[in-house]
Amino acid sequence: MFQRIKKAIIHSYRLGVKDLIVFARDRLRLITFVIMPIFLMIMTGYVFPNQNALKNAPLGVVNLDQGTLGAQIISAVDRPASGQNATLLKLTYLGSETEAEKEIKDQMINGAIVIPADFSAKIETGQQATVTSITDQSNPQISLLMSEALNRLMSAISTQMATEKVQTLVPGVADPSAVVDPFVVQTVGIIPGNPNYFEFMAPGIMAMVIMMAAMIGLAGSVSRERELGTLDGILSAPISRLSIIVGKSFAQGVRGLLQAALTLILAILLFGVVVHGNFGLLILLLILTVFSFIGIGIMISAIASEQETAMTIMMTVMFPMMFLSGAFFPIQQMPTALQWISKIIPLTYSVEALRKCIVLGTGISGMLTEVWVMLAFGVVFMAIAIPVFGRVTTR
Amino acid sequence: MNMIEVENLTKRFGSFTAVDHVSFQVKKGEIFGFLGPNGAGKTTTIRMLCTLLRPTEGTAAVAGFDILKQPDKVREHIGLVAEKLILYEQLTAAENLTLFGRLNNLPEKEIKQGIEKWLNRLHMEQWRNNQTGTFSTGMKQRINIARALLHHPDVLVLDEPTLGLDPQTTRAIHEFILELSQEEITILLTTHDMNEAESLSNEIAIIDQAKIVAVDTPKNLKRVVSNGDTAVIDIEVANLNETMLFSLKKMENVASAVETEPYNLRIHMKGDNAASAIVGAIAAEGGQIRAINTVEPNLEDVFLHFTGREMRDKSTGKVAPSQRSLWRRRSSRVR
Chain A
-4 MFQRIKKAII HSYRLGVKDL IVFARDRLRL ITFVIMPIFL MIMTGYVFPN QNALKNAPLG
56 VVNLDQGTLG AQIISAVDRP ASGQNATLLK LTYLGSETEA EKEIKDQMIN GAIVIPADFS
116 AKIETGQQAT VTSITDQSNP QISLLMSEAL NRLMSAISTQ MATEKVQTLV PGVADPSAVV
176 DPFVVQTVGI IPGNPNYFEF MAPGIMAMVI MMAAMIGLAG SVSRERELGT LDGILSAPIS
236 RLSIIVGKSF AQGVRGLLQA ALTLILAILL FGVVVHGNFG LLILLLILTV FSFIGIGIMI
296 SAIASEQETA MTIMMTVMFP MMFLSGAFFP IQQMPTALQW ISKIIPLTYS VEALRKCIVL
356 GTGISGMLTE VWVMLAFGVV FMAIAIPVFG RVTTR
Chain H
3 MNMIEVENLT KRFGSFTAVD HVSFQVKKGE IFGFLGPNGA GKTTTIRMLC TLLRPTEGTA
63 AVAGFDILKQ PDKVREHIGL VAEKLILYEQ LTAAENLTLF GRLNNLPEKE IKQGIEKWLN
123 RLHMEQWRNN QTGTFSTGMK QRINIARALL HHPDVLVLDE PTLGLDPQTT RAIHEFILEL
183 SQEEITILLT THDMNEAESL SNEIAIIDQA KIVAVDTPKN LKRVVSNGDT AVIDIEVANL
243 NETMLFSLKK MENVASAVET EPYNLRIHMK GDNAASAIVG AIAAEGGQIR AINTVEPNLE
303 DVFLHFTGRE MRDKSTGKVA PSQRSLWRRR SSRVR
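Chains A and H, in that order, give the protein sequences. Residues in the first sequence are numbered from -4 upward in steps of one, following the numbering used here. Residues in the second sequence are numbered from 3 upward in steps of one, following the numbering used here.
Calculated from the structure, these hints are not laboratory results. Where is the CB? At the ideal position from N, CA and C, for every residue including glycine. Take the hints with a grain of salt, since some may be wrong.
[Stated by the list, open to error] Simulated DEER-style distance windows between Cβ atoms:
#1 H:Gly41 to A:Leu253: 37 to 47 angstroms
#2 H:Asp74 to A:Trp367: 29 to 39 angstroms
#3 A:Val374 to H:Asp68: 31 to 41 angstroms
#4 A:Leu253 to H:Asp68: 38 to 48 angstroms
#5 A:Leu363 to H:Gly41: 21 to 31 angstroms
#6 A:Ala19 to H:Thr139: 24 to 34 angstroms
#7 A:Ala19 to H:Pro264: 24 to 34 angstroms
#8 H:Gly41 to A:Phe318: 38 to 48 angstroms
[What the hints assert, rightly or not] Here are the simulated BS3-like cross-link-like pairs (lysine-lysine), alpha carbons at most 30 angstroms apart as the crow flies:
#9 A:Lys1 to H:Lys252
#10 H:Lys252 to H:Lys272
#11 H:Lys30 to H:Lys71
#12 H:Lys272 to A:Lys1
Using the sequences and the hints, build the whole thing.
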């Protein structure tokens, strides 16, 4: 009995090493192995819209003001005060509101501000003036970012004007800004330094590359060997069926871990991500992630006899996981129904635990739920998948 | 001693029967040929014997071990050269052999000696450290055969071993197979190549549509086709047409009639005075006989005799002549 287990382990190891050598000698696969995490980082980190990402957004300006205040505002928008992003907006001067609307419809500009003819007059006579901002709702993300940016700019200008006015109206006030804005909100983060979007993304990407290796890699590797015919060679050798699947899982697990490590190194070196948690715990979590996905991978490789079928099933399973797990988008943003679905996806727990460890520096006691859930996913799926695999290989 | 004993082996995939109650025995050191067109059930039978498929009915024993009860023992005693190469292209010849040696639980020393021995015998020793992906098909097949022999199996299973190889390599592999059988290795060979089956096999099983239709030595099989009251003749008829062929096929003396080449008929005859009856029938239809030859039957004739069909490889796109009209064949073949 002991001898058989020892043999099975040795066979698994041999098959795993074989898979890794085959992988390492395939130049194309090796290149994708390195490039994929880089692409994912760049894509998710830069392409997803965030406040700082808005650059050179074309804004139409219609100045109908007969006084001088309108021109002052426009120049303040054009060259925002220090602290604001200097190249946030690119101004286009237009003659009328109708023209602005036409330009938006032609997608020449993303939005416009209209300063009415009585703007200066109203302010100078002590009335409240209005600036109209026209937004393009066909592109909600840009429209939102733009109106946020404009609001910030406008309220800054408005505050400045108010401060000046207070000073002239009530001479001798020590701090006129205290009159205009009696209090301000100060935001303090719990993480030292200046965390960026990549710190949110990196754990998600690491969990995802492991998921891909464990699921796509495993199922792909089994179905590829089935199609090539080499699987028959392994199956007709006197080895346990379990060794085959353990060996393959081992190889794909190592691959996934290496890729996750590569992601982390890139995140640290290129994107300034800082790991606040314990490195040992991080590695443990990554191994757990592999473990939680292997069962699903085995199951799909057992069911799908062709590589193409395996890939199709994979995509169907993986896309919802990617988007619902909170790897890219916060779960809190999702509708309640989707939040429930995200609770039955192993990736959710892996991403959550990794994020806690990397970004927040939480210890293992703070993520016991995630750890148990991942272990349970792994055990349950393997218990189902391994017998299925055994049966399918000797039909 | 029988190295392979197959009894009523049957495999169904849903409602399709791929192998239908197949039984045969192979003695130790024999080369047993499995001859039949593609899709006849050769590979399915072999996969069951190699424990890669579970039979629906019946069973078999390989090297004395039951394929259902002791699959691991069977695997230890069998070497498989399947239709698809069992080689990793990214590994070198030696690495491939080492891997499979280890999976077969051979001691390291024996693996080294085995690699040395088989690569030498297959004239591949200078390629041992090259990745097999860089090899030609023939070279790959040699390494593939070495891999199957490394753990000195009692039974070597060769599924279409020379398919797609050049004539030179084919000849070399044929010689090698004959050498192996001298060394008491039992060989189960599937092929759809008549010549390969005939020149290598001690015994041949003709398999068609999932069933074995005949098992015997090549000599005896051919004797069935031409002995006493049966014989094969070729008749060349200058004005051969569809009606003539049709009425010939209906004759009692004609077991089968097939137009093998334009204007040339191959007829399996039976019964007394068959030749004169056939000649008479052709003359009655106004046929102009140019030549008549008696034919030394080959396995093609044997297949025809047992199945009533010509054995042609479906994959080459050639169709049995009876399925096409004579007219079309004539117009397309300009001589």
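Here is what the structure says about each hint:
no., hint, verdict
1, H:Gly41 to A:Leu253: 37 to 47 angstroms, "holds (45 angstroms)"
2, H:Asp74 to A:Trp367: 29 to 39 angstroms, "holds (38 angstroms)"
3, A:Val374 to H:Asp68: 31 to 41 angstroms, "holds (35 angstroms)"
4, A:Leu253 to H:Asp68: 38 to 48 angstroms, "holds (44 angstroms)"
5, A:Leu363 to H:Gly41: 21 to 31 angstroms, "violated (58 angstroms)"
6, A:Ala19 to H:Thr139: 24 to 34 angstroms, "holds (26 angstroms)"
7, A:Ala19 to H:Pro264: 24 to 34 angstroms, "violated (58 angstroms)"
8, H:Gly41 to A:Phe318: 38 to 48 angstroms, "holds (46 angstroms)"
9, A:Lys1 to H:Lys252, "violated (69 angstroms)"
10, H:Lys252 to H:Lys272, "holds (13 angstroms)"
11, H:Lys30 to H:Lys71, "holds (22 angstroms)"
12, H:Lys272 to A:Lys1, "violated (66 angstroms)"
The structure fails to meet hints 5, 7, 9 and 12 from the earlier list, while all remaining hints are met.
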